[in-house]
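Asks: Required output: the full structure, derived from the provided sequences and hints.
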Amino acid sequence: MTSKVDKRRIEILHILETEGSAGVSEMAALFKVTPETIRNDFDNLSETYQLERVHGGLKKESGRRIMETYHYHQRQGVQQQVKRELCFQAMKHIEPGDCLYVDTGSTLTWLLPFMNRKKDVTIVTPSIALLSKYVMEGYESVFKNHQHRLIFLGGEVNSEILTTQGTLMTNCIKDFYFSKALFSVDAVDKKAGCMNVDIEAFNVTKSALRQGKKAILIADSTKFNQTATYRIAGWHEIDVIITDQQQDEEWEAICYQHCIEWVR
Numbered sequence: 001m002t003s004k005v006d007k008r009r010i011e012i013l014h015i016l017e018t019e020g021s022a023g024v025s026e027m028a029a030l031f032k033v034t035p036e037t038i039r040n041d042f043d044n045l046s047e048t049y050q051l052e053r054v055h056g057g058l059k060k061e062s063g064r065r066i067m068e069t070y071h072y073h074q075r076q077g078v079q080q081q082v083k084r085e086l087c088f089q090a091m092k093h094i095e096p097g098d099c100l101y102v103d104t105g106s107t108l109t110w111l112l113p114f115m116n117r118k119k120d121v122t123i124v125t126p127s128i129a130l131l132s133k134y135v136m137e138g139y140e141s142v143f144k145n146h147q148h149r150l151i152f153l154g155g156e157v158n159s160e161i162l163t164t165q166g167t168l169m170t171n172c173i174k175d176f177y178f179s180k181a182l183f184s185v186d187a188v189d190k191k192a193g194c195m196n197v198d199i200e201a202f203n204v205t206k207s208a209l210r211q212g213k214k215a216i217l218i219a220d221s222t223k224f225n226q227t228a229t230y231r232i233a234g235w236h237e238i239d240v241i242i243t244d245q246q247q248d249e250e251w252e253a254i255c256y257q258h259c260i261e262w263v264r
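Each step along the sequence shown adds one to the number in full-length UniProt numbering, with nothing skipped, and position 145 is 145.
I should point out that these hints are in silico values taken from the structure, not numbers from a laboratory. Be aware that a few hints might be false.
Listed next, the in silico DSBU-like pairs over lysine-lysine satisfying Cα-Cα at most 35 Å (straight line) [claimed, not checked]: (1) Lys59 x Lys4; (2) Lys213 x Lys118; (3) Lys133 x Lys4; (4) Lys133 x Lys174; (5) Lys118 x Lys190; (6) Lys4 x Lys32; (7) Lys4 x Lys118; (8) Lys133 x Lys119; (9) Lys191 x Lys213; (10) Lys214 x Lys119; (11) Lys144 x Lys174; (12) Lys191 x Lys92; (13) Lys144 x Lys118; (14) Lys190 x Lys213; (15) Lys174 x Lys206; (16) Lys118 x Lys174; (17) Lys206 x Lys191; (18) Lys133 x Lys190; (19) Lys32 x Lys59; (20) Lys119 x Lys213; (21) Lys144 x Lys92; (22) Lys92 x Lys133; (23) Lys213 x Lys133; (24) Lys92 x Lys213; (25) Lys190 x Lys92; (26) Lys144 x Lys191; (27) Lys59 x Lys133; (28) Lys206 x Lys144; (29) Lys214 x Lys118; (30) Lys214 x Lys92; (31) Lys214 x Lys144; (32) Lys190 x Lys174; (33) Lys214 x Lys191.
Listed next, with one range per pair, are the computed distances between beta-carbon atoms [claimed, not checked]: (34) Phe152 x Ser21: 31 to 37 Å; (35) Gln226 x Gln257: 19 to 25 Å; (36) Lys214 x Pro113: 18 to 24 Å; (37) Gln147 x Glu261: 24 to 30 Å; (38) Arg149 x Gln257: 34 to 40 Å; (39) Glu160 x Asn116: 30 to 36 Å; (40) Asp189 x Val82: 15 to 21 Å.
Where a beta carbon is used, it is the ideal one built from N, C-alpha and C, also for glycine.
Replies: Written out as structure tokens, the structure reads:
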């Protein structure tokens, strides 16, 4: 898809967000393209974002925030192959009988394609993104055939970061003991440790790490040498770092000091 097509479709999403609907003829006139081109755009957008095709146009459900869905799709697309490879490496640390906490975020949804390599694993997660992938892409049969379990943590829904949160969710976490906690973050810094920009995501992950025996950080290279507002964990709290980031001498010293395994 060309950049021009991308930009037009994003603009259509913005119009739907504010107006609630968009017509073929008005969009064709606005963007100076043929009605057939707009129909193709509408077909693509309705399938990708579960929008309703109506006679002569496209509309969204009342109260629905399309751009949050768009931003989630964008996050899923960023460094997709890298995220897949990181989750492939993470599976090497998972053993039969493990009870895993799997954090929110797009990266960790890529664990699901590799679950057929293991048996008898329990995943506990507040991630709506992971739950959606599990349901929509048919992973239930994989879990059943390999004696896995998926436990979804209920709570207040945060549609912006696609997680449950709040007192109900954190109280649920307290009833679990995780052999391993797998998590991703927004920022990784040599001095400060692991950080998030969102306080709710911070609260969710922080609560889970308290209940875990082993903490496994999964972070692509774009997260390194960044800082954010909320500090989730220092390096003394991390057991494994799985990343595509090159390990320089400073990182090697940090890992040696805190007995962290660096997997690249």
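Asks: Each hint needs a verdict: does it hold in this structure or not?
Replies: Taking the hints in turn, this is what the structure says about them:
Annotation: proposed proximity of Lys59 to Lys4 holds, straight-line Cα distance about 22 Å (limit 35 Å). Our distance criterion of 35 Å between C-alpha atoms is met by Lys213 and Lys118, whose separation comes to about 20 Å. The straight-line distance between the Cα atoms of Lys133 and Lys4 is roughly 29 Å, inside the 35 Å bound, and the hint therefore holds. Of the supplied pair hints, the one linking Lys133 and Lys174 holds, its CA atoms being roughly 25 Å apart against a limit of 35 Å.
Pair hint Lys118 plus Lys190 holds up; C-alpha atoms about 33 Å apart against a cutoff of 35 Å. A distance of roughly 12 Å separates the Cα atoms of Lys4 and Lys32; the hinted pair therefore holds under the 35 Å criterion. Pair hint Lys4 plus Lys118 does not hold up; C-alpha atoms about 44 Å apart against a cutoff of 35 Å. Restraint check: the Cα-Cα separation between Lys133 and Lys119 comes to about 19 Å, which is no more than 35 Å; the hinted pair holds.
The hinted pair formed by Lys191 and Lys213 meets the criterion: a straight-line CA distance of about 23 Å does not exceed 35 Å. As the CA atoms of Lys214 and Lys119 are separated by approximately 19 Å, the hinted pair is consistent with the 35 Å bound. A threshold of 35 Å between alpha carbons decides the hint, and for Lys144 with Lys174 the separation of about 26 Å falls inside it, so the pair holds. Taking the CA atoms of Lys191 and Lys92, the gap is about 28 Å. The hint holds against a cut of 35 Å.
Of the supplied pair hints, the one linking Lys144 and Lys118 holds, its CA atoms being roughly 12 Å apart against a limit of 35 Å. With a C-alpha separation of about 23 Å, the suggested pairing of Lys190 with Lys213 holds against the 35 Å cut-off. Between Lys174 and Lys206 the CA atoms are separated by roughly 12 Å; this keeps the pair inside 35 Å, and the hint holds. The hinted pair formed by Lys118 and Lys174 meets the criterion: a straight-line CA distance of about 26 Å does not exceed 35 Å.
With a C-alpha separation of about 18 Å, the suggested pairing of Lys206 with Lys191 holds against the 35 Å cut-off. Restraint check for Lys133 and Lys190: the C-alpha separation of about 33 Å stays at or below 35 Å, so the hint holds. Annotation: proposed proximity of Lys32 to Lys59 holds, straight-line Cα distance about 21 Å (limit 35 Å). Annotation: proposed proximity of Lys119 to Lys213 holds, straight-line Cα distance about 20 Å (limit 35 Å).
Straight-line distance between C-alpha atoms of Lys144 and Lys92 comes to about 21 Å, which keeps the hinted pair within the 35 Å bound. With a C-alpha separation of about 21 Å, the suggested pair Lys92 and Lys133 falls inside the 35 Å cut-off, and the hint holds. With a C-alpha separation of about 27 Å, the suggested pair Lys213 and Lys133 falls inside the 35 Å cut-off, and the hint holds. Restraint check for Lys92 and Lys213: the C-alpha separation of about 17 Å stays at or below 35 Å, so the hint holds.
This hinted pair checks out: Lys190 and Lys92 have alpha carbons roughly 25 Å apart, not beyond 35 Å. The hinted pair formed by Lys144 and Lys191 fails the criterion: a straight-line CA distance of about 43 Å is larger than 35 Å. Distance check on the hinted pair: Lys59 and Lys133 sit about 25 Å apart at the alpha-carbon level, within 35 Å; holds. Pair hint Lys206 plus Lys144 holds up; C-alpha atoms about 30 Å apart against a cutoff of 35 Å.
For the proposed pair Lys214 and Lys118, the alpha carbon gap of about 19 Å is at most 35 Å, so the pair holds. A distance of roughly 14 Å separates the Cα atoms of Lys214 and Lys92; the hinted pair therefore holds under the 35 Å criterion. A threshold of 35 Å between alpha carbons decides the hint, and for Lys214 with Lys144 the separation of about 26 Å falls inside it, so the pair holds. Under the criterion of a C-alpha separation no larger than 35 Å, the hint pairing Lys190 with Lys174 is consistent with the structure, at around 30 Å.
With a C-alpha separation of about 21 Å, the suggested pair Lys214 and Lys191 falls inside the 35 Å cut-off, and the hint holds. Our hint of 31 to 37 Å for Phe152 and Ser21 holds, since their Cβ atoms are close to 33 Å apart. Against the hinted window of 19 to 25 Å, the Cβ-Cβ separation of Gln226 and Gln257 comes to about 21 Å, which satisfies the hint. A hinted range of 18 to 24 Å for the beta carbons of Lys214 and Pro113 is consistent with their spacing of about 23 Å.
A hinted range of 24 to 30 Å for the beta carbons of Gln147 and Glu261 is consistent with their spacing of about 27 Å. With their beta carbons about 37 Å apart, Arg149 and Gln257 fall inside the hinted range of 34 to 40 Å. Checked against the hint of 30 to 36 Å, the pair Glu160 and Asn116 passes, with Cβ atoms roughly 32 Å apart. For the pair Asp189 and Val82, the beta carbons lie near 20 Å from each other, so the given range of 15 to 21 Å is met.
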